[in-house]
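As they're listed, the protein sequences go chains A and X. Going by the working numbering, 299 is the number at position 299 of the first sequence; the sequence numbering is gapless. Going by the working numbering, 1075 is the number at position 75 of the second sequence; the sequence numbering is gapless.
It should be emphasised that the hints constitute simulated quantities derived from the structure, not laboratory data. Where a beta carbon is used, it is the ideal one built from N, C-alpha and C, also for glycine. Worth double-checking, as some hints may not be accurate.
FRET-style restraints, in silico, Cβ to Cβ [to be verified]:
{"hint": "1", "chain 1": "A", "residue 1": "251", "chain 2": "X", "residue 2": "1084", "range": "17 to 25 angstroms"}
{"hint": "2", "chain 1": "X", "residue 1": "1180", "chain 2": "A", "residue 2": "335", "range": "42 to 50 angstroms"}
{"hint": "3", "chain 1": "A", "residue 1": "416", "chain 2": "X", "residue 2": "1114", "range": "28 to 36 angstroms"}
{"hint": "4", "chain 1": "X", "residue 1": "1002", "chain 2": "A", "residue 2": "480", "range": "28 to 36 angstroms"}
{"hint": "5", "chain 1": "X", "residue 1": "1180", "chain 2": "A", "residue 2": "64", "range": "43 to 51 angstroms"}
{"hint": "6", "chain 1": "A", "residue 1": "363", "chain 2": "X", "residue 2": "1084", "range": "49 to 57 angstroms"}
{"hint": "7", "chain 1": "X", "residue 1": "1002", "chain 2": "A", "residue 2": "251", "range": "43 to 51 angstroms"}
{"hint": "8", "chain 1": "X", "residue 1": "1036", "chain 2": "A", "residue 2": "368", "range": "41 to 49 angstroms"}
{"hint": "9", "chain 1": "A", "residue 1": "364", "chain 2": "X", "residue 2": "1107", "range": "31 to 39 angstroms"}
{"hint": "10", "chain 1": "A", "residue 1": "368", "chain 2": "X", "residue 2": "1109", "range": "24 to 32 angstroms"}
{"hint": "11", "chain 1": "A", "residue 1": "406", "chain 2": "X", "residue 2": "1123", "range": "20 to 28 angstroms"}
{"hint": "12", "chain 1": "A", "residue 1": "364", "chain 2": "X", "residue 2": "1084", "range": "29 to 37 angstroms"}
{"hint": "13", "chain 1": "X", "residue 1": "1002", "chain 2": "A", "residue 2": "440", "range": "19 to 27 angstroms"}
No farther apart than 25 angstroms at their CA atoms in a straight line, the calculated lysine to aspartate or glutamate pairs in the DMTMM-like style are these [what the hints assert, rightly or not]:
{"hint": "14", "chain 1": "A", "residue 1": "260", "chain 2": "A", "residue 2": "478"}
{"hint": "15", "chain 1": "A", "residue 1": "235", "chain 2": "A", "residue 2": "5"}
{"hint": "16", "chain 1": "A", "residue 1": "173", "chain 2": "A", "residue 2": "430"}
{"hint": "17", "chain 1": "A", "residue 1": "169", "chain 2": "A", "residue 2": "9"}
{"hint": "18", "chain 1": "A", "residue 1": "109", "chain 2": "A", "residue 2": "361"}
{"hint": "19", "chain 1": "A", "residue 1": "169", "chain 2": "X", "residue 2": "1176"}
{"hint": "20", "chain 1": "A", "residue 1": "405", "chain 2": "X", "residue 2": "1086"}
{"hint": "21", "chain 1": "X", "residue 1": "1006", "chain 2": "A", "residue 2": "124"}
{"hint": "22", "chain 1": "A", "residue 1": "403", "chain 2": "A", "residue 2": "226"}
{"hint": "23", "chain 1": "A", "residue 1": "169", "chain 2": "X", "residue 2": "1174"}
{"hint": "24", "chain 1": "A", "residue 1": "235", "chain 2": "A", "residue 2": "188"}
{"hint": "25", "chain 1": "X", "residue 1": "1132", "chain 2": "A", "residue 2": "64"}
{"hint": "26", "chain 1": "X", "residue 1": "1082", "chain 2": "A", "residue 2": "64"}
{"hint": "27", "chain 1": "A", "residue 1": "76", "chain 2": "A", "residue 2": "404"}
{"hint": "28", "chain 1": "A", "residue 1": "243", "chain 2": "A", "residue 2": "5"}
{"hint": "29", "chain 1": "A", "residue 1": "142", "chain 2": "A", "residue 2": "188"}
{"hint": "30", "chain 1": "A", "residue 1": "173", "chain 2": "X", "residue 2": "1041"}
{"hint": "31", "chain 1": "X", "residue 1": "1085", "chain 2": "X", "residue 2": "1041"}
{"hint": "32", "chain 1": "A", "residue 1": "260", "chain 2": "A", "residue 2": "430"}
{"hint": "33", "chain 1": "A", "residue 1": "34", "chain 2": "A", "residue 2": "9"}
{"hint": "34", "chain 1": "A", "residue 1": "480", "chain 2": "A", "residue 2": "52"}
{"hint": "35", "chain 1": "A", "residue 1": "480", "chain 2": "A", "residue 2": "188"}
{"hint": "36", "chain 1": "A", "residue 1": "173", "chain 2": "X", "residue 2": "1174"}
{"hint": "37", "chain 1": "X", "residue 1": "1132", "chain 2": "A", "residue 2": "361"}
{"hint": "38", "chain 1": "X", "residue 1": "1132", "chain 2": "A", "residue 2": "77"}
{"hint": "39", "chain 1": "A", "residue 1": "142", "chain 2": "A", "residue 2": "226"}
{"hint": "40", "chain 1": "X", "residue 1": "1006", "chain 2": "A", "residue 2": "52"}
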Amino acid sequence: MAQFDLNDDSLVVIIGSGAGGGTLGNELAQKGIKTVILEAGDRHEIQDFVNDEWASFAQLAWSDMRTTSGTWRVHKDFPNLPAWIVKSVGGSTVHWAGASLRIEPHEFKTLTTYGAIPGANLHDWPITREELDPYYDRAESKMGVTRTNGIPGLPGNNNFKVMEAGARKLGYKEVHTGRMAINSQPRDDRGSCQQIGFCFQGCKSGAKWSTLYTEIPKGEATGNLEIRPNAMAIKIEHDASGKVTGVVYADGSGAMQRQKARIVAVAGNSIESPRLLLNSASNLYKDGMANSSGQVGRNYMRHTTGTVYGVFERPVHMYRGTTMAGIVRDEARHDTSRGFVGGYELETLSLGLPFLAAFLDPGAWGRSFASAIDGYSNMAGMWIVGEDLAQETNRITLDPVAKDKHGMPVASVHFDDHPNDTAMRAHAYEQGSAIYRAVGATRTMPTPPYPSTHNLGTNRMSADARDGVVNRFGQAHDIKNLFVSDGSQFTSGAACNPTLTIVALAIRQADTMAGMMQRREI
Amino acid sequence: MREVDKRTQFSRRGLLRAGATAVPAAALVGASISPTAAWAEAAANLTPHAMATLVRMARDIYPHDHIADVFYIKAVTPWDAKAGKDPAARDMVMTGIARLDSDAQDHHRSDYLGIGWEADRVALLRGIEATKFFSAVRADLVVALYNQPEIWPKFGYEGSSAEHGGYLHRGFNDIDWLPSA
């Protein structure tokens, strides 16, 4: 395995090893480009994962302090935990559920399709679905997405069967076990799904795609990729011309190191990536790096989420098998007769008893709450994944007071729902409840959004440098050897889980970056 | 469908773990909510009355009638150790309980523990819901109670599954009561 010198200025330095960073690192390594990934977390392998929600959370979650503000309920219930994402090699691909859907063509053109909406900051992506399709093809093949490339769908578990039966009764048509980056048959030297459950706690069988045991070891095997765990990026540095020259990071002992770089790619997820750019302010870049537009940290999106649980007369055992075991896609269409723009997916979701108690209705207590928990074995659950609208005021800033152990200001996350988000969530709660009632639910519970797992948009792509942070290749408008490689590039959130798109963009970015390097443009 | 056996399985390990909280393990079996119970008298930093009140509160906050007192006792006894380490925590608990008992005297001429009906005690808890004391007890309890593997089967939850080969051959899709889709 490669180990590069801190003074090697020929390297591509990637910050973060998740869907964006891990994929980009392997793609570059396969092309012979020497790359180092700085990962803030430790390296936990499959054998380290535990089927225990709180113990796993302590092992994997990004629990460094953050602050929050705004009218979202997460601010009240979890003021220092705005997001449930991972700090470990593999990033949030360790935790993700595996749902792999393409963004629909119209969702790349939200301003054109929805029109200007008061309070929202909509723009069309500077790329189209047609342009991204070849990279979606490559991403689906790489990740082994079911219902693509001739790979069969996964079998439905009990939780899916309840949702499916109710959805069919309501007349929904597009109901199936999803397009999942979980092996339904052995593929790519990984086995097939054992229906363990605990997808969020790291897949113990390796059937679920994660950069941890696919992209990263493949990249390492080339000799061109080094993963450096316990390396928390603090600041990106630049020269007098404004080009970036390297990254200062805190190593495992807390000592500051400086890794030189030819190119820097930021892939720390949509809270840490803008935090790092803002924290890299200098005399030249007074408002933060790559921020001439003032859009770094803005347009934070988290999907119009929420969960509906139904309790039935007879047992379901929703926790058995894949967490996200199936989908209803009929409501993902754009149809303003429902009272909102954009659409949403309904996807099964289950929590174990410890997390259900913590997240069902945070802060609630008494007989009503306890009797809901008493219904655990007879409960089914589904999650809402809907498009929320970009708003300039939903943003990541540097907290003026709170600092982390390295003395770096922590990220502060402000979020308010747009009225469109609220209308969509209300519609989804009603449809989700109707699905369960159609098959005999005796009680339904619309559960508020959890700390965010889909964090998007805070360094968004734009055609015009005034409207966003990066161009159509994720390259900073202001600095040609600085890239953004995670979901913070998204111009809109779309009604689907973001990982497949992050991977497709990373594959495309690797091709683009390699070409630019070959032509000596960067 | 494969059902989960909901009978209490006392594991020796679980009881030994309870022992680690300074409560004699044997004292917990069949324990009751009383300041004169052995587990309450074993408290080193909080009073037996405070310990019993915390357990009564815990039952009123998350009332599961099929869950024995022992699990609530296990969930709140760590407050005794916390009070020993942190005088502010001890003060918060003792002051909070004094306030609760004072409210109880005002309305029922009894301390909180002596009130017979849950609804009356819950009304008093609603009155202190916004206090730091109540929030801290509830927030701690939601983890300390529900994260006890011994109670999971009573809710039909089976816990860790990878070591059993997952649910592929253990009922992941065995639901048998749905109308055909």
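Taking the hints in turn, this is what the structure says about them:
Checked against the hint of 17 to 25 angstroms, the pair residue 251 (chain A) and residue 1084 (chain X) fails, with Cβ atoms roughly 37 angstroms apart. Distance hint check: the CB atoms of residue 1180 (chain X) and residue 335 (chain A) are about 30 angstroms apart, inconsistent with the given range 42 to 50 angstroms. For the pair residue 416 (chain A) and residue 1114 (chain X), the beta carbons lie near 47 angstroms from each other, so the given range of 28 to 36 angstroms is not met. Restraint check, residue 1002 (chain X) to residue 480 (chain A): a C-beta distance of roughly 60 angstroms breaks the suggested window 28 to 36 angstroms.
Residue 1180 (chain X) and residue 64 (chain A) have their C-beta atoms about 50 angstroms apart, which keeps the hinted 43 to 51 angstroms range intact. Taking the beta carbon of each, residue 363 (chain A) and residue 1084 (chain X) are about 28 angstroms apart, not inside 49 to 57 angstroms as hinted. Taking the beta carbon of each, residue 1002 (chain X) and residue 251 (chain A) are about 49 angstroms apart, inside 43 to 51 angstroms as hinted. A C-beta distance of roughly 33 angstroms is found between residue 1036 (chain X) and residue 368 (chain A), which places it outside the suggested range of 41 to 49 angstroms.
Take residue 364 (chain A) and residue 1107 (chain X): their Cβ atoms lie about 24 angstroms apart, and the range 31 to 39 angstroms is violated. Against the hinted window of 24 to 32 angstroms, the Cβ-Cβ separation of residue 368 (chain A) and residue 1109 (chain X) comes to about 29 angstroms, which satisfies the hint. At roughly 48 angstroms, the beta carbons of residue 406 (chain A) and residue 1123 (chain X) sit outside the given window of 20 to 28 angstroms. At roughly 31 angstroms, the beta-carbon separation of residue 364 (chain A) and residue 1084 (chain X) lies within the given 29 to 37 angstroms, and the hint holds.
Against the hinted window of 19 to 27 angstroms, the Cβ-Cβ separation of residue 1002 (chain X) and residue 440 (chain A) comes to about 21 angstroms, which satisfies the hint. A C-alpha spacing of about 20 angstroms is found between residue 260 (chain A) and residue 478 (chain A), which places the hinted pair at or below 25 angstroms, so the restraint holds. In summary, the hint linking residue 235 (chain A) to residue 5 (chain A) is supported, as the alpha carbons are separated by about 19 angstroms, within the 25 angstroms threshold. Proposed proximity of residue 173 (chain A) and residue 430 (chain A) is supported: the alpha carbons are some 18 angstroms apart, at most 25 angstroms.
With a CA separation close to 62 angstroms, the supplied pair residue 169 (chain A) and residue 9 (chain A) exceeds the 25 angstroms bound. Only pairs whose Cα atoms come within 25 angstroms are accepted, and residue 109 (chain A) paired with residue 361 (chain A) is rejected, the gap being roughly 36 angstroms. Distance check on the hinted pair: residue 169 (chain A) and residue 1176 (chain X) sit about 17 angstroms apart at the alpha-carbon level, within 25 angstroms; holds. Between the alpha carbons of residue 405 (chain A) and residue 1086 (chain X) the distance comes to roughly 23 angstroms, so the proposed pair stays at or under 25 angstroms and holds.
At most 25 angstroms may separate the alpha-carbon atoms for a hinted pair to count; residue 1006 (chain X) and residue 124 (chain A) exceed this at roughly 55 angstroms. For a cut-off of 25 angstroms, the pair hint linking residue 403 (chain A) to residue 226 (chain A) is broken: about 29 angstroms separates their Cα positions. Restraint check for residue 169 (chain A) and residue 1174 (chain X): satisfied, since their Cα atoms lie roughly 20 angstroms apart, inside the 25 angstroms limit. Between residue 235 (chain A) and residue 188 (chain A) the CA atoms are separated by roughly 37 angstroms; this puts the pair beyond 25 angstroms, and the hint is violated.
For a cut-off of 25 angstroms, the pair hint linking residue 1132 (chain X) to residue 64 (chain A) stands: about 23 angstroms separates their Cα positions. Proximity of residue 1082 (chain X) to residue 64 (chain A) is assessed by CA-CA distance (about 23 angstroms); at most 25 angstroms being required, the pair is judged to hold. A distance of roughly 22 angstroms separates the Cα atoms of residue 76 (chain A) and residue 404 (chain A); the hinted pair therefore holds under the 25 angstroms criterion. Taken as a hint, the residue 243 (chain A) and residue 5 (chain A) pair is honoured in the structure, with Cα atoms around 20 angstroms apart against an allowance of 25 angstroms.
Among the hinted pairs, residue 142 (chain A) with residue 188 (chain A) is consistent with the structure: their alpha-carbon atoms are about 9 angstroms apart, no more than 25 angstroms. A threshold of 25 angstroms between alpha carbons decides the hint, and for residue 173 (chain A) with residue 1041 (chain X) the separation of about 63 angstroms lies outside it, so the pair is violated. Distance restraint check for residue 1085 (chain X) and residue 1041 (chain X): the Cα-Cα separation of roughly 19 angstroms lies within the 25 angstroms cut-off, and the hinted pair is therefore satisfied. Under the criterion of a C-alpha separation no larger than 25 angstroms, the hint pairing residue 260 (chain A) with residue 430 (chain A) is inconsistent with the structure, at around 54 angstroms.
Simply put, residue 34 (chain A) and residue 9 (chain A) have alpha-carbon atoms about 10 angstroms apart, close enough for the 25 angstroms limit, and the pair holds. Simply put, residue 480 (chain A) and residue 52 (chain A) have alpha-carbon atoms about 44 angstroms apart, too far for the 25 angstroms limit, and the pair is violated. With a C-alpha separation of about 35 angstroms, the suggested pair residue 480 (chain A) and residue 188 (chain A) falls outside the 25 angstroms cut-off, and the hint is violated. Of the pairs offered as hints, the one joining residue 173 (chain A) and residue 1174 (chain X) holds, with about 24 angstroms between alpha carbons and a cut-off of 25 angstroms not exceeded.
Straight-line distance between C-alpha atoms of residue 1132 (chain X) and residue 361 (chain A) comes to about 19 angstroms, which keeps the hinted pair within the 25 angstroms bound. Restraint check: the Cα-Cα separation between residue 1132 (chain X) and residue 77 (chain A) comes to about 14 angstroms, which is no more than 25 angstroms; the hinted pair holds. Between the alpha carbons of residue 142 (chain A) and residue 226 (chain A) the distance comes to roughly 21 angstroms, so the proposed pair stays at or under 25 angstroms and holds. Only pairs whose Cα atoms come within 25 angstroms are accepted, and residue 1006 (chain X) paired with residue 52 (chain A) is accepted, the gap being roughly 20 angstroms.
Checked against the numbered hints above, the structure violates hints 1, 2, 3, 4, 6, 8, 9, 11, 17, 18, 21, 22, 24, 30, 32, 34 and 35; every other hint is satisfied.
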